[in-house]
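Undergrad: Those protein sequences? They're chains A and B, same order as listed. Using the UniProt record's numbering, you'd call the opening residue of the first sequence number 1 and step up by one each time. Using the UniProt record's numbering, you'd call the opening residue of the second sequence number 1 and step up by one each time.
In short, the hints are calculated from the structure, not lab data. All values derive from a computational prediction rather than experimental measurement. Glycine included, each C-beta is placed from N, C-alpha and C at the ideal position. Incorrect hints may have been included.
[Unchecked claim] If you want the footprint, here are the derived chain A segments under chain B, 3+ residues with CB under 8 Å: (1) 93-102; (2) 111-121; (3) 124-131.
[As the list claims (entries may be wrong)] Covered by chain A, according to a simulated footprint, are these stretches of chain B (three or more residues, beta-carbon under 8 Å): (4) 200-214; (5) 302-316; (6) 434-448; (7) 485-491.
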Amino acid sequence: MSMDRRFVLKGMALGSLAGLTLGGALPALGAAHGSPRSSAARPALVLVNQGAEQSAFVQGARATGAAVQVRQIGGDLTDLLSLQSQLGSGRKMRLIGLLDDASAALVVDMARSAGARVEWLGQHTARGGVTRHRLLNTASAEGCARQLGRQLHGCGAGFELTEERLGSAAPARQLSAAPRNQRHADQWAAGIGYLLGSLGAGRPTAAPLIAQAGAPLDGSFVSFSIET
Amino acid sequence: MSEQNNGVLPRGVTQQEFNAAVEKFRALLGNENVLVEQQQLVPYNKIMMSVENAAHAPSAAVTATTVEQVQGVVKICNEHRIPIWTISTGRNFGYGSAAPGQRGQVILDLKKMNRIIKVDPEMCYALVEPGVTYGQLYDYIQENNLPVMLSFSAPSAIAGPVGNTMDRGVGYTPYGEHFMMQCGMEVVLANGDVYRTGMGGVKGSNTWQIFKWGYGPTLDGMFTQSNYGICTKMGFWLMPKPPVFKPFEIIFENEEDIVEIVEVLRPLRIRGIIPNSAVIANILWEAGSGNVRRSDYITEPGHTPDEIQKQIQKDTGMGAWNLYAALYGTQEQVDVNWKIIVDEFKKLGKGRIVTQEEAGDTQPFKYRAELMSGVPNLQEFGLYNWRGGGGSMWFAPVSEARGSECRKQAAMAKRVLHKYGLDYVAEFIVAPRDMHHVIDVLYDRTNEEETQRADACFAELLDEFEKEGYAVYRVNTRFQERVAQSYGKAKRDLEHAIKRAVDPNNILAPGRSGIDLDTYKS
């Protein structure tokens with residue numbers, strides 16, 4: 001890589017959400033079920049790993065009010081080849097998901113082979129109540145990273161977020177905040193589920209607060225929004 | 001009709017020039033085969049390397065379906081000086097994925113050229129287009145009940161023989177050195193000519209996939225890991241399906257055992273007693289591909305301490321080193337060779353032999369046995385979950401098949417990786433005389449600091465190995481220029497002289513293996 005390009009790529013702008021205030025007023029999920037923020041949220045097939053059918057991500061996607069069908073993906077070749085076949089069938093499909101690295105590497109690449117459009121691609125790590133997010137987005141996900149940042153800040157969990165916009169001459173956006181509390185440790189996944197579930201349905205808004213069940217989500221994940 | 005709006009252009013090309021080329025691509029290929037919108041290009045930009053995605057962002061991607069269209073693409077690129085980066089299935093995970101080597105290059109995606117042109121079960125060969133996957137070929141062989149089997153790399157079902165062979169990838173069967181089994185290529189040159197290697201230029205020849213060498217200079221190798229042409233067909237030999245297949249594993253408890261393993265194994269490989277590209281996987285490779293995650297044992301950052309690795313061994317029954325090999329042939333042949341192998345390892349007094357009957361469906365034995373018998377699976381993708389975070393770069397130095405050398409390389413790699421807080425996740429793929437020492441440098445791309453560490457680590461691995469006279473046989477696109485330097489000036493001068501002769505406009509994959517007329521200074 002040439003030095004000048006390296007300079008441009010490294011010239012990331014640092015931002016901060018310290019000035020943002022949400023007043024801790026995250027709406028409850030129950031309320032959101034009855035009144036989704038937008039009836040324009042489109043139906044989607046939601047891909048998650050085995051055992052995650054009630055996960056925060058799925059709750060977030062459901063909270064959009066859109067019709068969602070959840071499919072659990074294992075490491076089994078048959079599952080993935082069946083998905084590949086669906087992606088390549090020529091039928092209109094909208095997929096959103098939060099998967100482990102191995103499964104996501106396969107799903108996203110199968111989407112490429114099928115000529116699908118990918119509006120959002122996120123890499124996420126959640127460890128010890130702190131999360132990190134690296135997003136590769138398009139204009140159709142405009143505003144989502146900022147909204148996710150607000151959401152994460154509102155939750156009180158520490159986070160780092162970097163957003164690259166494909167091909168944009170603008171430097172990558174970086175947002176971060178130190179942890180304040182651990183009360184809503186899984187809210188990041190719900191927030192992403194909600195954002196992806198409502199992509200294309202108007203200006204992104206805050207996800208409702210999910211009911212956290214069990215231990216907080218921990219590990220490494222990939223989120224995506226794919227359309228054929 | 002959508003305009004190119006992703007803000008990325010090929011090096012030295014104006015927007016106006018680029019748009020003119022895109023219009024010609026559309027006229028040639030149809031709108032649906034010219035991808036310029038951001039959403040269409042994101043999946044081509046999912047990289048696993050230690051740089052920003054932006055460094056490998058494409059300006060466009062085009063898909064061709066015929067050789068004539070590939071010729072047309074090349075013509076347009078020459079007219080407008082557009083650099084193209086060709087992919088077949090684009091499943092070169094950890095070596096650069098489907099992204100272009102340099103920012104702004106137009107991807108020529110040959111996924112739609114996916115015809116299985118011929119499978120000859122008597123002469124045991126296949127002739128295929130670049131978009132054919134091993135999974136597709138496997139299905140064809142099964143559906144037609146053909147008595148042949150495939151050899152492929154671990155992404156098996158979704159990767160393809162043309163891409164893997166052109167990158168000199170390897171598999172795990174007796175036909176595991178894939179370029180050695182290649183026989184006959186069709187290549188579109190930068191001037192639009194269609195060149196066939198070996199016997200392929202002889203009118204009416206039926207020996208293109210039979211006899212490699214043809215007459216005069218043999219040029220097949222020149223088109224692998226290079227940017228001298230675009231392979232549009234490739235023949236390769238298929239192994240006859242044996243009546244008996246006997247996979248086995250030998251588990252070794254200690255890291256130091258690598259010396260004796262290799263000393264016992266080498267003569268067995270050279271004599272052909274063990275016929276396949278056997279594998280010696282270390283504990284972390286074994287654990288990752290066996291669905292164990294690092295976070296199951298430790299959440300602290302840094303490398304995984306030896307005592308944790310020992311604990312994983314204890315909990316799972318996996319070895320510090322795990323040798324996988326197989327026997328193929330009639331029952332008599334297999335019985336004879338099995339006795340020789342068992343006797344040799346008994347003499348060593350180390351190693352616990354596990355047969356298929358004993359292993360059953362347990363992982364990773366099951367997927368290893370499948371890979372060695374030409375049955376596709378995706379189990380090894382589990383490595384990406386070992387540490388998580390989406391970072392993966394293969395460091396693949398070549399080693400002599402000598403115990404002391406393998407131990408030396410393993411110790412060097414481990415030392416450097418641990419210095420940077422990363423794990424030594426490795427396997428040796430065993431040829432008769434060499435080892436492909438394949439190390440997956442895994443790291444978390446969400447962590448900027450760790451990504452920078454992985455980048456520095458990879459560079460130091462290259463430096464440290466070079467000091468000892470070692471070099472890698474293949475590398476990701478981030479480090480291809482650096483690796484080219486290891487192989488010396490004379491080689492690079494010659495490679496660029498060839499490039500000037502066959503692609504003077506530097507349109508075919510500039511930068512591939514460090515060959516780039518725009519940047520190379522002799």
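Undergrad: So is the stretch 93-102 of chain A in contact with chain B by the C-beta rule, three or more residues under 8 Å, or is the coverage claim wrong?
TA: Answer holds; 3 residues pass the 8 Å Cβ test.
Undergrad: Count the residues of the stretch 485-491 of chain B whose CB lies closer than 8 Å to any CB of chain A, then report whether that count reaches three.
TA: violated (count 0)
Undergrad: Has the stretch 434-448 of chain B got at least three residues whose CB is nearer than 8 Å to a CB belonging to chain A?
TA: holds (count 5)
Undergrad: If you look at each residue in the stretch 302-316 of chain B, do at least three have a Cβ nearer than 8 Å to any Cβ of chain A?
TA: violated (count 0)
Undergrad: Using a Cβ cutoff of 8 Å, are there at least 3 residues of the stretch 200-214 of chain B near chain A, or does the coverage claim fail?
TA: Violated - the stretch 200-214 of chain B has 0 residues with a Cβ nearer than 8 Å to chain A, which falls short of three.
Undergrad: Do at least three Cβ atoms from the stretch 124-131 of chain A come closer than 8 Å to Cβ atoms of chain B?
TA: holds (count 4)
Undergrad: How about the stretch 111-121 of chain A: do at least three of its residues have a C-beta closer than 8 Å to a C-beta of chain B?
TA: Since three or more residues must qualify, the claim that chain B covers the stretch 111-121 of chain A holds, with 9 doing so at under 8 Å.
The earlier numbered hints that this structure contradicts are 4, 5 and 7.
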